[in-house]
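So the protein lines, in turn, are chains A and B. Quick note on numbering: the first sequence equals residues -4 to 223 in my numbering. Quick note on numbering: the second sequence equals residues 2 to 260 in my numbering.
It is worth saying that the hints were derived from the structure and are not from the lab. Computed from a predicted model, the values in this text were never measured in an experiment. It cannot be assumed that every hint is accurate.
Not the full set, but computed from the structure, chain A residues with beta-carbon under 10 Å of chain B [claimed, not checked]:
1. A65
2. Y200
3. Q205
Counterexamples of contact, computed for chain B against chain A with all Cβ distances above 10 Å [said to hold, decoys possible]:
4. E87
5. K127
6. I128
7. N151
The C-beta atom is built at its ideal place from N, Cα and C for all residues, glycine as well.
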Amino acid sequence: MDNHFEMGLDALRQKLLTMASHAETAVNQSLQALVQRDHDLALRVKENDRVIDQFEVEIDDLVIQLLTKAPLASNLRLVTVAMKISQNLERVGDEASKIAKRARDLSQEPPVKLNLDLPLMAGMALAMLKSSLDAFVNKDPIAARAIIPRDKEVDALNKQIHEILAQHMVAHPDTIGRCLNWMVACKSLERIADHAKNVAEEVVYLYEAQDIRHTANKSQPASPEAGA
Amino acid sequence: MATEPNNPTAALTVRGLTVFFGDRAAVKNVSIDITAKAVTAIIGPSGCGKSTFLRALNRMHELNPDARMEGQIHLFGDDIYSRTVESVTVRRRIGMVFQKSNPFPTMSIFENVTVGLRLNGLRDRKILAERTEESLHMAALWDEVKDRLNAPAVSLSGGQQQRLCIARALAVQPEVLLMDEPASALDPLATAKIEDLIVALKKDYTIVIVTHNMQQAARASDFTAFFYLGELVEFGPTTKIFTSPAQKRTEDYVTGRFG
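Work out the full structure: start from the sequences and follow the hints.
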């Protein structure tokens, strides 16, 4: 039924997806700036973070408006989940900004001769983010559940890169400052994967009405629910 | 809807309740346990049988000559439809407050509160006065009317009249209080007072409230039952019903997709 409230929910969904697209672009560009030593692009990413922040504010406003209409059941879950997803996306934007800041600093110094698989890690984190938002759009909690274990792979890669960087710093103390910048960028990618996992957990709650945060069994639905 | 028999926390145990008006079943094979000293809300679209169900809980439907029921209802183990039990006795134990406040217009505030007691033969002025004060306190009306107990009941505002009706129902010391949309004719402030009162009263009473206002059910009740086309579709803790109902029909109703 196309009523006024449904139109408000649609506007919320659309705004969230537009915000997600900005967040995704910010991560991609920050990584590009890092890998290609693109100082200007790094500055642009930092500048554009304001756009993502503004989306968070607008989504909160919309959520408050919708909550005054006292939504219930799946509508209530959608409104509260949208608020949490937007918060996670805002933090993804912040992480992209952090990467951009490190990219800006690193672009001003000689490159460190290291073969770090940051693009692979970025690809994994971004794929998780994209999949979690696809699960949101496609109302697919099973796909959302499948995303969650992938966070462990990103964590492992982060640890591996940290070890490489730590060894390099011991062997080449003159590169400590630059290696620390790489380490921070790497940690930001790991955090982006965490946020993607959070979004996936919210998608499961939205469509299965089951809170799987901080629980061991994240892969199986408890029982069929009306939900969606 | 499956419910555990002999539930020790249940004030009312309803099994296989069907209520007919002529040939038409307005309530169909409902089984439910109403938890003691808790608020149970009955929700559902108009004509779903929720008011009929409520009225069957204290045999009020018997006032309609076309009505008949099948099934069993026990109040703390006592069969309220037993041939040896009179409906008046049942209604003393299970009181009712209606949608529209209905104080007796020719009676004072005091007389309205005590009318049930006097009908039961109580004449002692001191006890009547004590019971009036106690009931008006419980109905959160005492402070507003204590200096004008002999004023006509109809001189009170709509919200006050409704609380007076609640005081009147409480005066006979029932075990269960049934409320049929008790706040639907009141403004938000008077509604809030009734809701606060409902929550306060559950300390001592079992309350069943029929409401069209789902936010009211969400605010004031512990359990919610959703009726549709005479059937009990879903029953459970209010939080569960309003955040993650198990049945699609409940979901569709509470999200405004039908009804």
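Hints versus structure:
1. A65: At 5 Å from the nearest chain B Cβ, A/A65 passes the 10 Å test, so the hint holds.
2. Y200: Nearest chain B Cβ about 9 Å off; hint holds.
3. Q205: holds, 8 Å
4. E87: holds, 41 Å
5. K127: holds, 48 Å
6. I128: holds, 45 Å
7. N151: It holds; B/N151 is separated from chain A by about 42 Å at its closest Cβ, greater than 10 Å.
Checked against the numbered hints listed earlier, the structure breaks none of them; every hint is satisfied.
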